[in-house]
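Place chain B on chain A using the hints.
Protein chains: 2
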Amino acid sequence: MREKVWKWMELNREEAISFLQKLVQEGSVQGQEEGVQKLVRDRLIEMGLEVDYWVPDDEEFLNHPYFCATRKDFSKSPNVVGKWEGTGGGKSLVLNGHIDVVPSGDLNQWEQDPYSGHIKDGKMYGRGVTDMKGGNLSLLLALQCLKDLGVSLKGDVLFHSVIEEESGGAGTLAAILRGHTADAALIPEPTNMKIFPSQQGSMWFRVNVVGRAAHGGTRYEGVSSIEKVMLVVKKIQQLEHVRNSRVTSPLYKNTPIPLPINIGTINGGSWPSSVPDEVTIEGRIGVGPEESLEEVKVEFERVLAEIDDEWLNDHPLKIEWFGAQWLPGAIDVEHELMGILQNRFKEVTRKEPVIEASPWGTDGGLLTQVGNTPSIVIGPGVTSVAHYPNEYIEIDKIFEAAQIFTLVIYDWCGGDNL
Amino acid sequence: MREKVWKWMELNREEAISFLQKLVQEGSVQGQEEGVQKLVRDRLIEMGLEVDYWVPDDEEFLNHPYFCATRKDFSKSPNVVGKWEGTGGGKSLVLNGHIDVVPSGDLNQWEQDPYSGHIKDGKMYGRGVTDMKGGNLSLLLALQCLKDLGVSLKGDVLFHSVIEEESGGAGTLAAILRGHTADAALIPEPTNMKIFPSQQGSMWFRVNVVGRAAHGGTRYEGVSSIEKVMLVVKKIQQLEHVRNSRVTSPLYKNTPIPLPINIGTINGGSWPSSVPDEVTIEGRIGVGPEESLEEVKVEFERVLAEIDDEWLNDHPLKIEWFGAQWLPGAIDVEHELMGILQNRFKEVTRKEPVIEASPWGTDGGLLTQVGNTPSIVIGPGVTSVAHYPNEYIEIDKIFEAAQIFTLVIYDWCGGDNL
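For the record, the sequence lines run as chains A and B. For the first sequence, counting from 1, position 335 maps to 335 in the numbering used here; every step adds exactly one. Basically the numbering used here = 1-based index in the second sequence + 1000.
Treat the hints with care, as some may be off.
[Unchecked claim] Capping the alpha-carbon separation at 25 Å, the derived lysine-lysine pairs in DSS-like fashion look like this: (1) B:Lys1235 to A:Lys234; (2) A:Lys234 to A:Lys154; (3) B:Lys1234 to A:Lys235; (4) A:Lys235 to B:Lys1235.
[What the hints assert, rightly or not] Output of the computed footprint for chain A on chain B, the stretches with three or more beta carbons under 8 Å from beta carbons of chain A: (5) 1091 to 1104; (6) 1190 to 1204; (7) 1262 to 1268; (8) 1281 to 1295.
[Claimed, not checked] Chain A stretches covered by chain B per the calculated footprint, using a threshold of three residues with CB under 8 Å from any CB of chain B: (9) 213 to 219; (10) 280 to 293.
Calculated directly from the structure, the hints in this document are not laboratory data. Here the structure is a predicted model, which means the values were calculated and not measured. No residue lacks a Cβ here, since even glycine has one placed at the ideal position from N, Cα and C.
Isolated chain A (complex conformation):
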């Protein structure tokens, strides 16, 4: 069977590369996903899938507690789901990939146009090619291969081409609320083919510390918010230590700080010779696979309230949770899909898979926690080039991933006729 799949990949290689170029060339930063989604929709229709193509705008979606986006109007940003209905009695699978890409950034740092999709030394270059249009292509190839080889599946396969992953996951949330869930999910985010059965969630916090202004020459008449924020930074460091001392999962054995708390910005004071009466810090707290966002918020706020300082007792910190959030996600490492994936990985690559926890969130958190669809993240792109100028993907890796995915879908969904 592996050989049939491999042969199919070889035969369809040129066309597939050309299709990926088209996906990259379309671009799809936030608000401009329509063109590329039409390409995907048409591809799914050609394959014979039942296609749901819609602009998310219903009230349940917009008012959902995990709705997290910088906008409420998605009229130029349709979601696409293609469904391959199984013959019945099998396990269903979501194949989830986001179609939105982050902005290209400083053009001077790109050697060629960010949307060129040009190929050099076996690599295709372009914004979004690794994060994660290359991964999406490997899913599409797997489906097409199974179709072309005349395979029938017992379980349903749902291919998600979703918007908004880069800004909070509203596209996957919309797909879940529309019922496009399954028994498990595969998400080919760029992991360099590492297997991530659990993904760290995260939230952003903002802590505002007030002091009392005074002239710098009589600074003892004021209260320095910079001195006070140092207490906050120290307390956050202690909290990070405590939180990580509770992490025992072997998935984190190579990770120095499994659940980091990053203080990313600090800004305060307005004049060198005035006592600063306000400082604000902003940061990101990692949320463990077994944790809820809510309990992490409560712990953070409780610990910061414990700072032993008279001034802060009378002038409590203002804590906000703002901006993006990603739910953590996890699948049991003993889950059947984990076993199938590892076996097929070894068969195709002839290597032992690396199994770790991801240090960042994916739409797998929403699929797991809201969609009741435990998710595994594994994909052919490379994290280190995602979001950077000259983003690229090794083309061979896409086909390697596509082969693995073909065989995994076959096994999990109960394939036949091969």
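Frame of chain A, contents of chain B only:
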């Protein structure tokens, strides 16, 4: 004699108040001092003083090591010095007052126009009325009173109406370089009639700390500049402690921190979920009356270089001295002018004078260190309303100060015919 002076003040009160209103109404923020300086010039000419009215622009001035200004063009900002030449054989005196005012700030916080000069309950309101046009008026009244009473003086009196005190003292520097110095000086900055024989100098510093950026989810791959700046803040706190433990002058006995180091601003990082690769702090360091700016800079830089941290050893702090600076100034508390001033103060006010060190710099630092003219700061305004909305001065205090100054000039410069 006191009675003659007092009677003169009563007689000339209304006209004097009206003149102060004109000084306030003219305004004189940086770059707009010409109108008010013409008023002062004409007043000095009327009194019969020899007037030097000039725009500072010579090379010696512009290139002087203590030239500190945000501009080099003073064409709309003349300096004025009026000289009352003595009959000879007496000690000379500089009467120094700056004519520039700080901007009015948020107009909504002013109950009336900042340049109204309106009077209510014995107080005149307006930007600059306490800092320090009211003080300047008391000097002018003292001179006019002595003239009107037919006094002759042995020593010269030089009245300075200078620009740029609020931004580094370039006006007084120009007057000094033009030779307008004397055996001692009086500066009626707003001290609420406290006597400040020494004034704290100050400088502004900027310290830049670099880290290494990384994603917040893998923050251990980066180096947080916020963590590193905490070491710097702590070291600066230690330095402040060491510096103040050396201060023994009784003038500071009521001052919790004689020479404060104020960290006024902190800014760094650009994204909540990125490790911050740069943080900058800015602050003000107080310079003791006996210290030079240079030795304080050297100590600050030396101590910060001692921070024991491997990363900072490899990535040294960038330290800049920027913006404004004020030289410290001091006169011996046993100086003859101190004795005269205290006696006349007691005589006029029937109170014991309060003698302290000022927590901020004045042009007295330049007069002392560059002009070899030891200076005493005492004036009728109130520090707490300087630079604030609804700045005011108690009008009676101006005349009380004018009386004291009249008698002090008479004593110091060797008055006769009264």
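**Item:** Hint numbers contradicted by this structure
**Value:** Of the numbered hints, 2 and 5 do not hold.
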